[in-house]
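Visitor: Top line first, the protein sequences correspond to chains A and B.
Once you know that position 95 of the first sequence is 161 in our numbering, the rest is easy, because the numbers rise by one and skip nothing.
Once you know that position 68 of the second sequence is 979 in our numbering, the rest is easy, because the numbers rise by one and skip nothing.
Some clues are possibly wrong.
Unchecked claim - Not the full set, but computed from the structure, chain A residues with beta-carbon under 7 angstroms of chain B: (1) Arg97; (2) Phe112; (3) Gln157; (4) Tyr161; (5) Lys162; (6) Ala167.
Please keep in mind that the hints were generated in silico from the structure rather than gathered at the bench.
Heads up, the beta-carbon is just placed ideally off N, CA and C, and yes, glycines get one too.
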Amino acid sequence: EDQVTQSPEALRLQEGESSSLNCSYTVSGLRGLFWYRQDPGKGPEFLFTLYSAGEEKEKERLKATLTKKESFLHITAPKPEDSATYLCAVQANDYKLSFGAGTTVTVRA
Amino acid sequence: DSGVTQTPKHLITATGQRVTLRCSPRSGDLSVYWYQQSLDQGLQFLIQYYNGEERAKGNILERFSAQQFPDLHSELNLSSLELGDSALYFCASSVGGAVTDTQYFGPGTRLTVL
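One chain only, chain B, in its complex shape:
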């Protein structure tokens, strides 16, 4: 158990809908990262937040947005969902935002868009 929690574990929804994925980092960790993993694309970095501020942006679509709240939990919002958005979404956290800080991954949320 990494100490990172993600809810829900599974999510099934329809095209065009909007969903919110939630992540609670390990106690004391200030950085949160979001990743998407699909069979054809592998693990893709989406976005990083550090202490409430956006730190780095990867291949995140405009239909997706994220934020980190004052209590350091984070939410990833996915809107106008398409079939291709079906994937495992992982959250990771680290103490800081430095490259020396180990990222601990959560168990993931499996999103299925029908």
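Extracted from the complex, chain A is given alone in its bound form:
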């Protein structure tokens, strides 16, 4: 069974304090790994898709990387508006999607 584990569960950062979120996965044939951002009471918002080990993608203060067993979401010099829950998901060859439980990031000014 496909599994996605995210760590830590929660992360409290000071504004400007860079950090990384981890997503480790086991999947029967990876079609893609996704990162989403979710604000309380709202639907997830797409951030990145990664397809193969070694791939990296960046968007503003966020950078996602992928290895064969895990992905990292690096937040550089975060701002309070980066506070959210960050979700990782994998899509297997049978198109099934599995989500991790998320990492809730709180950035204090």
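With chain A's structure known, arrange chain B on it following the hints.
Guide: Same frame as chain A, now just chain B:
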């Protein structure tokens, strides 16, 4: 605003009842996905439709069913409701069904089963 609409926003019903959740995808999107999000289970993929056909099935209970209509809107039917079915139900849509296609999520329907 993602362009995906879901109705109703909130739904309160009793155990044993049946409800229908509706989703209208973004204009031009052929794929619709349904998800359930509860506090203890996180975000769970239920089912995907692509241009009217079922594409992938996740952890969808037999009491739940879905369909995508010719105009591409989709409905998720939940029957014999139990307390544990209380959750946020999200619909998402994408242009196609490929992994390269970004999924856009709707605002969700909050279902409360009493």
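Visitor: Next, verify each hint and record whether it holds.
Guide: Now for the hints, and whether the structure bears them out:
1. Arg97: The hint holds - Arg97 of chain A has a Cβ within 7 angstroms of chain B, the shortest such distance being about 4 angstroms.
2. Phe112: holds, 5 angstroms
3. Gln157: This hint holds: Gln157 of chain A lies near chain B, its Cβ roughly 5 angstroms from the closest one there, short of 7 angstroms.
4. Tyr161: holds, 4 angstroms
5. Lys162: At about 5 angstroms, which falls below the 7 angstroms cut-off, the nearest Cβ of chain B leaves the hint on Lys162 of chain A intact, so it holds.
6. Ala167: holds, 5 angstroms
Checked against the numbered hints above, the structure breaks none of them.
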